[in-house]
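Asks: Taken in sequence, the protein lines are chains F and P. According to the numbering used here, the stretch in the first sequence is residues 65 to 389, in order. According to the numbering used here, the stretch in the second sequence is residues 65 to 389, in order.
These are computed hints drawn from the structure, not numbers from a lab. Virtual Cβ for every residue (Gly too), placed ideally from N, Cα, C. It is possible that some hints are incorrect.
[Claimed, not checked] Cβ pair distances, simulated, as ranges:
no.	chain 1	residue 1	chain 2	residue 2	range
1	P	Glu240	F	Asp243	24 to 34 angstroms
2	P	Asp383	F	Thr193	37 to 47 angstroms
3	P	Arg187	F	Glu141	55 to 65 angstroms
4	P	Thr213	F	Gly362	35 to 45 angstroms
5	P	Arg204	F	Val343	27 to 37 angstroms
6	P	Arg90	F	Gly74	36 to 46 angstroms
2 protein chains.
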Amino acid sequence: MSDAARSAGGVSLTLADVREAHARIRPYIHRTPVMTSATLDELAGGQLYFKCENFQKIGAFKARGAHNAVFALTPQEAAHGVATHSSGNHGAAVALAARSRGIPAYVVMPSNVAAVKKEAVARYGAQVTFCEPSLAARERTVEQLLAATHAYFVHPYNDLRVMAGQGTSVLELLEEVPDLDVIVCPVGGGGQIAGVAVAAKGVKPGIRVIGAEPAAADDARRSLQSGTRVMANDPQTIADGLRASLGDLSFALIREHVDDIVTVSEAAIVSAMRRVWEVMKIVIEPSSAVPVAALLEGALPAAGRRIGVILSGGNVDTDRLPWLK
Amino acid sequence: MSDAARSAGGVSLTLADVREAHARIRPYIHRTPVMTSATLDELAGGQLYFKCENFQKIGAFKARGAHNAVFALTPQEAAHGVATHSSGNHGAAVALAARSRGIPAYVVMPSNVAAVKKEAVARYGAQVTFCEPSLAARERTVEQLLAATHAYFVHPYNDLRVMAGQGTSVLELLEEVPDLDVIVCPVGGGGQIAGVAVAAKGVKPGIRVIGAEPAAADDARRSLQSGTRVMANDPQTIADGLRASLGDLSFALIREHVDDIVTVSEAAIVSAMRRVWEVMKIVIEPSSAVPVAALLEGALPAAGRRIGVILSGGNVDTDRLPWLK
Chain F
65 MSDAARSAGG VSLTLADVRE AHARIRPYIH RTPVMTSATL DELAGGQLYF KCENFQKIGA
125 FKARGAHNAV FALTPQEAAH GVATHSSGNH GAAVALAARS RGIPAYVVMP SNVAAVKKEA
185 VARYGAQVTF CEPSLAARER TVEQLLAATH AYFVHPYNDL RVMAGQGTSV LELLEEVPDL
245 DVIVCPVGGG GQIAGVAVAA KGVKPGIRVI GAEPAAADDA RRSLQSGTRV MANDPQTIAD
305 GLRASLGDLS FALIREHVDD IVTVSEAAIV SAMRRVWEVM KIVIEPSSAV PVAALLEGAL
365 PAAGRRIGVI LSGGNVDTDR LPWLK
Chain P
65 MSDAARSAGG VSLTLADVRE AHARIRPYIH RTPVMTSATL DELAGGQLYF KCENFQKIGA
125 FKARGAHNAV FALTPQEAAH GVATHSSGNH GAAVALAARS RGIPAYVVMP SNVAAVKKEA
185 VARYGAQVTF CEPSLAARER TVEQLLAATH AYFVHPYNDL RVMAGQGTSV LELLEEVPDL
245 DVIVCPVGGG GQIAGVAVAA KGVKPGIRVI GAEPAAADDA RRSLQSGTRV MANDPQTIAD
305 GLRASLGDLS FALIREHVDD IVTVSEAAIV SAMRRVWEVM KIVIEPSSAV PVAALLEGAL
365 PAAGRRIGVI LSGGNVDTDR LPWLK
């Protein structure tokens, strides 16, 4: 066991795991572009390199983790398909990965999920089961589903293979822009930033990895500060991808590898999202705007630094733009 | 004089001019990416390669032509700066090009222009003069301005150097995707498609070049069919970049080099624009959606063909999305 694994409370995730994940998923995912913007550099006062996971398959980084988890299964594990619960991008990612591998996918979604998200999952051929929109109902429905199908459960973030997959974006980013000083990444359940931090520190030990969170959903920041995992309590934020609580595995890795977590207001998120659309001409979802907001509002000082920014996804209901409310 | 120049009524624009323009402007413009989308390929039934001029400097292809025109001036011609009239992207493009060359820029804009467009021009340091929103007032104001400043006039499209610059996008596109069967491009004043057609047929004589126009502003199609330049008469289309009439120079080159012009409905434009935002996660303006609409609605059959699509710009007022009207 490596030093990193020991000190992260026995949770082992290493650069080698992320590299292995990258080799495994490469045929199924996009190598997304890294974009720059002179205007945003000027506004932030530093040099920003945007890793555009909004252009990833299914429109979000979740395709990486899901493909790694699904393709790492043994034939026995995969024999009855895979199952997950999701109200968003992870469901579509598991559905697509299962289709790529040629096995069934079962996705539990809350009955009040937006039609567009249900359609995304169904488009990839997954079987959707609806449940009441509560944690208890979701867990019960998943248990029943697993008992009935014997499918393999792929957690949205608290899963080492999922985290290894999410970290692969950073291998590509650092290949293209090796001399970054900082990487900033949104934090929801913590799966992405855990993988990102392991990969970034593995490739470049001196780099800083910073999480960005809505102030209205700052459970990860409070967890990191207190050293004890604080649970999110139905947080009200427009960044719908960042409402989950940390998992025990993601929290252990974040404590070990993440340098700091900064927070931003809801207004700053909306403003940063709109700014990216208008200046960069790309569509990002509110969760992706959180690290941008941290840079534009000064929560994360950019002056004189070269900063990698993970734009995690671009799935937006274009009928409801937050600045037109 | 080449054969092409002779047969285009003495209007000479050749591949060599476009290559020369490319060498001239390359330090000042972006080499924009070529994007693909499995979902749009499926919807259109062919293979589509999107040249993303929405990511170009000032958010539109106009940066190419303006930089070529401004940097091709002799020191004497450039001594008193450059002037133009524009209610949109060309004004910003001339302003930026003049700033790059270090000479003054004067832009005449209608008094009812959107604040965002005025700001874009002013941001690059141009001096803005407002006029009544009529053709007569515009021409009078430009004449007065030229008399007072002795600036060099750069027409938005009916200018061979501007057209040569606009054609440079196709050199990049065909370098990256050499085996295209067709290139489709929006048609407004005809400057872009003239340059595009000269470049495309120069590099690859067998390629087809198709224009796409709003049915509500189909003056170019009627001009091409009748062989006589038909003027647009205040056309009502959401594609605000495509409301101009052809110039005599652009029309001559279009007759010589463009194979056909197809038209699409306003509803198809809005629907295609939204589809590109949602599927490709990129922001395009209505004018850019016109060729996409032609492919998605069947006006331009795509089956079995490899088609280059010029996405000409991404400057949109995000307060007024056409599908939210």
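Asks: Between the beta carbons of Glu240(P) and Asp243(F), is the distance compatible with 24 to 34 angstroms?
Replies: Holds, at about 27 angstroms.
Asks: Kindly confirm whether 36 to 46 angstroms is satisfied by the beta carbon distance between Arg90(P) and Gly74(F).
Replies: Violated, since Arg90(P) and Gly74(F) (Cβ atoms, about 55 angstroms apart) do not stay within the stated range.
Asks: Within 55 to 65 angstroms or not, the Cβ separation of Arg187(P) and Glu141(F)?
Replies: holds, 57 angstroms
Asks: Please test the hint of 37 to 47 angstroms on the beta carbon pair from Asp383(P) and Thr193(F).
Replies: holds, 40 angstroms
Asks: Determine whether the Cβ-Cβ distance between Arg204(P) and Val343(F) falls within the hinted range of 27 to 37 angstroms.
Replies: With a Cβ separation near 35 angstroms, Arg204(P) and Val343(F) satisfy 27 to 37 angstroms, so the hint holds.
Asks: Hint says 35 to 45 angstroms; check whether the CB-CB distance for Thr213(P) and Gly362(F) agrees.
Replies: holds, 42 angstroms
In terms of the numbered hints stated before, the structure departs from hint 6 and from no other.
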